[in-house]
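Start from the sequences and build out the full structure, keeping to the hints where you can.
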Amino acid sequence: MAELSVVGKSVIRNDALDKVLGKTRYSADIKMPNMLHAKVLRSTVAHAFVKKLDVSQAAALPGVHAVLTAKDVPGLNGHGIIFKDEPVLISDKIRKIGDGLALVAAETEDIAQQALKLIEVELEEIPGVFDAIQAMDQDAPKVHGDSNILALRKILRGNVDEVFETADIVVENEYVTQMQEHAYIEPEAGIAYMEDDIVVVKASTQNTHFDCREIARNLALPQSRIRMIQAPTGGGFGGKLDISVQIYLALLALNTRRPVKLVYSREESIITSSKRHPCVIKYKTAADKTGKLLAVDVHAVADTGAYSSYGPAPVTRLAVHAAGPYEVPNVRIYAYTVYTNNPTAGAMRGFGVPQIAFAYEQQMDMLAEKAGISPLEIRLRNTLKNGSLTSTGQVMDVKGNIGDTLVPAYEKVMANKSQLLAPYKKRGIGMGCLYYGIGNTGQPNPAGAFLDVMEDGSAHLMVGAADIGQGSNTILAQIAAEELGLDFNDIKVTSADTGVTPDGGASSASRQTYISGNATLKAAKIVKEILVNEIAAWQRVLPEAIALKNKYVFIHSKQTDIAVAQLIARCRGKGIMTIGHGWYNPTTEPLDDETGQGKPYEVYSFASHVAEVEVDTQTGQVEVVRIAAAHDVGKAVNPLHVEGQIEGGTIMGVGYGLYEEIKIANGNIRTPSFATYIIPTSMDIPIVDTIIVEENANTGPFGAKGLGEPPLVAPAAAIANAVSQAIGVRINSLPLTPEKVLKALQEAGRI
Amino acid sequence: MPQQVKVLKATQELDIFSEQAVITKLTPILLQAAEKKALPTLTEILVIFAKKQLPKAVISHSMAVAYVAVRIAEWLTESSSMKLDIPALAAGGLLHDVEKINSDHAARGADFVVQLGYFSLAPMIATHMELVFLQGQPLGEAAILYLADKICKGSTLISLEQRLAKSIQAYGELFSIREKFNTAFVIRDSVVQAIDDRQIPLAEKGIWEILINKNGILGSENG
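Top to bottom, those sequences are chains A and B.
When you line the first sequence up against numbering that gives the first Met the number 0, it's residues 0 to 750, in that order.
When you line the second sequence up against numbering that gives the first Met the number 0, it's residues 0 to 222, in that order.
Certain hints may be false.
DEER-style ranges, computed between Cβ atoms [claimed, not checked]:
#, chain 1, residue 1, chain 2, residue 2, range
1, A, P443, B, E34, 30 to 40 Å
2, B, M81, A, K50, 50 to 60 Å
3, B, F118, A, M682, 46 to 56 Å
4, A, K50, B, K51, 23 to 33 Å
5, B, M81, A, M34, 34 to 44 Å
6, B, A169, A, R265, 51 to 61 Å
Just so you know, these hints were derived from the structure itself, not from any lab.
Just so we're clear, the structure is a prediction, and the values are computed from it rather than from any experiment.
From the three backbone atoms N, C-alpha and C, an ideal C-beta is built for every residue, glycine too.
Encoded structure:
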């Protein structure tokens, strides 16, 4: 490939300066004349029938302009990413704490809050179900319909039972993972207003086009009458894929004909937003005496809470990735998604894979021990490589294998291996590897791009992809600039605005660089072809001889004095429009309902993390000293962004491994603040060595794959393996708290 | 000339006395004061309105009176060294007719705020129908509330002259009417003397012009 001038460079994102100066105006900062403030009346019980809901007193409170209940929802009273099973406002049955019962819009937040208190509610509480395994019982209270089992994803290949009968080595364990909160800095917030007969909603979101479809359905308006715009978003991590404030705001703006703002408190955010599925995973692995994997038998139950949200999708992804980045000829995977009256679990960075990686990577270490080989050796011996079959029967089309990331990460940590400080402190090294499918699992998930290239050599790129901080606006501008031979700064990106941009799908599944990147590239290629044909005809050369680079036209690799801008102006002057559009949908095959066989993803990213931990055997405290994170990203379109993603995801993974846990009692979150829900702070962050591996994907824009989620998948697994090496005891439940470490040490008789 | 008054009235009703404008103006005043002394916040007052099921007309009148009283008090404190309890005036203005649906509403209203522990509001509410105010007497919250109540007919601004003429038209030449208005005229003279009208922001000139009856008695009725 010819040398690139914009792609592969660490250009500085356009929103960086405003963000570090605190000038970015997030939804909560937006003020409009005549603006009303909204509040939501929420359930404080987990399971109940609504007997009475009287809002008359609240409506009579001066300063109150609307009090809405379920009967004020003109269209379908339901929303949800996969199933529309979550009411906009509850009319009959409450299924979780935080369910919305009524909306108020008032002159001030205080008045709105008072109005909530004037609403009379009478409930009939009914027994709830708060444990996913119990919820699968036929006699358990039902959350929806007549079964709590929302979905079962099976993946079946080969003959598992036969293998287990004869295998040399069998390792069997049960793993328990916790519920995790996204903990984005910006809680859910937004503002809505009427612009003529169009309802405009501006909110913190990861998918404007989904929001628009939901709002239109609930308001019984055409999608063209809803304009959903993404406000600058302070993180999402999957938690802003679900509807939060959007429908509420649209209803209130339509009702009051005034601008309405709704900002969740941190507590409201933690109580209402979706979470990472807590899972119970029974994992059984068979290997021959050399450590070669023969079979896995996995039974996973994921608590999806009261509503489906993305529910079955992360659990499907969990199942697809359950064998890890290894060749396993026989697999039997059962993964259940189960309703309970707990907080809803949905999408969160990693989408089910961090849970299963915690299991499969500890299995690998235990197998290695039994086979008498090193953890490094067993992974290299079993890695997926070109031509390997995955659990779903997909033939891997890759250049390298897990060693390309594992070996450099391992060497980095070993080279820096530190000395022990005190006799009661133990150190250990552990590893975690993964492969990760880019895009939605076996589903169409296209993205589009519009490109308007103007005669002064600047261009306007319109993409549906929401930049929630991950930097897609920068990456996509780099791709367009590279293809057109323009500078990064020549491309102005408008993103995630249903009034302007085509659908980009969700900013999730690590998909935007790859899918919106490909769409952008297609749009740019269309314009480039127009330009190249024009110059070819003008200069009497073949189109193949022409390149656009560094703002100039090159003919036969020689720079001419014709600027790209001049060429665009020539086209425009002749009435030839230099506009392009493109869309891309990765080629996948849906998974078979019964066997789970299919081609779930077009491309996979590979990664390995190696962690060194220090365990204080007196307090049980685990400290991550260093973590090397090596990621094969295909092509790092912006290496600085890649580093940022790796560091951020790794730190989030350390939080998942050591500190973070949403504690629930009878559906009630006991950790609804950052005083009780502990995330890593700058003091807890280890040395993170980021290692970028580039094995270009033929199908990606300039070879790029995806990166958003993989960095969070492996840290918890690597830490668990490192802790085990340090203290000689395994802990099969997340997070690895001091209490669990001490208990494990006591049980093993080591203290 | 008379035409202008009508226009002015219309805009004032729309802009100055909109519920939104009153809430925006009075919320911070009361919120800050409620932290330091026994005063209700605006939201608490609105809850009282809702629980008492006060008619809408009474609520909008109370809001208008509170708003005008606060404005006049602000002009006074900005023009002179006079000290006035503006938050109390805001709350008193909002609550002065809280017992309007009952007879003897001024006294009952005072009792009501005492029960809630808002002692500073009682005197001005008790005297808002009958106040003794002599020429030269220093201006206080009660006097300002009295005057504001008289120049707000419902939630519409009206000059004392015009309102007097209307009362006489409706009820005839009664001594009690003259007397009530005399108190208001004396207060107004004190207020007008104490205020430097150059200090009044342009947006608030409308209230001032009605207060001083700039457009002349009976103006709008003949227009």
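Here is what the structure says about each hint:
Checked against the hint of 30 to 40 Å, the pair A/P443 and B/E34 fails, with Cβ atoms roughly 57 Å apart. Roughly 57 Å separates the CB atoms of B/M81 and A/K50, a value that falls within the hinted 50 to 60 Å. Remark: the range hint 46 to 56 Å for B/F118 to A/M682 is upheld by a beta-carbon distance near 52 Å. Take A/K50 and B/K51: their Cβ atoms lie about 28 Å apart, and the range 23 to 33 Å holds.
For B/M81 and A/M34, the hinted distance range of 34 to 44 Å is satisfied, since their beta carbons lie about 35 Å from each other. Distance hint check: the CB atoms of B/A169 and A/R265 are about 59 Å apart, consistent with the given range 51 to 61 Å.
In summary, the structure is inconsistent with hint 1 from the numbered list given earlier, while agreeing with all the others.
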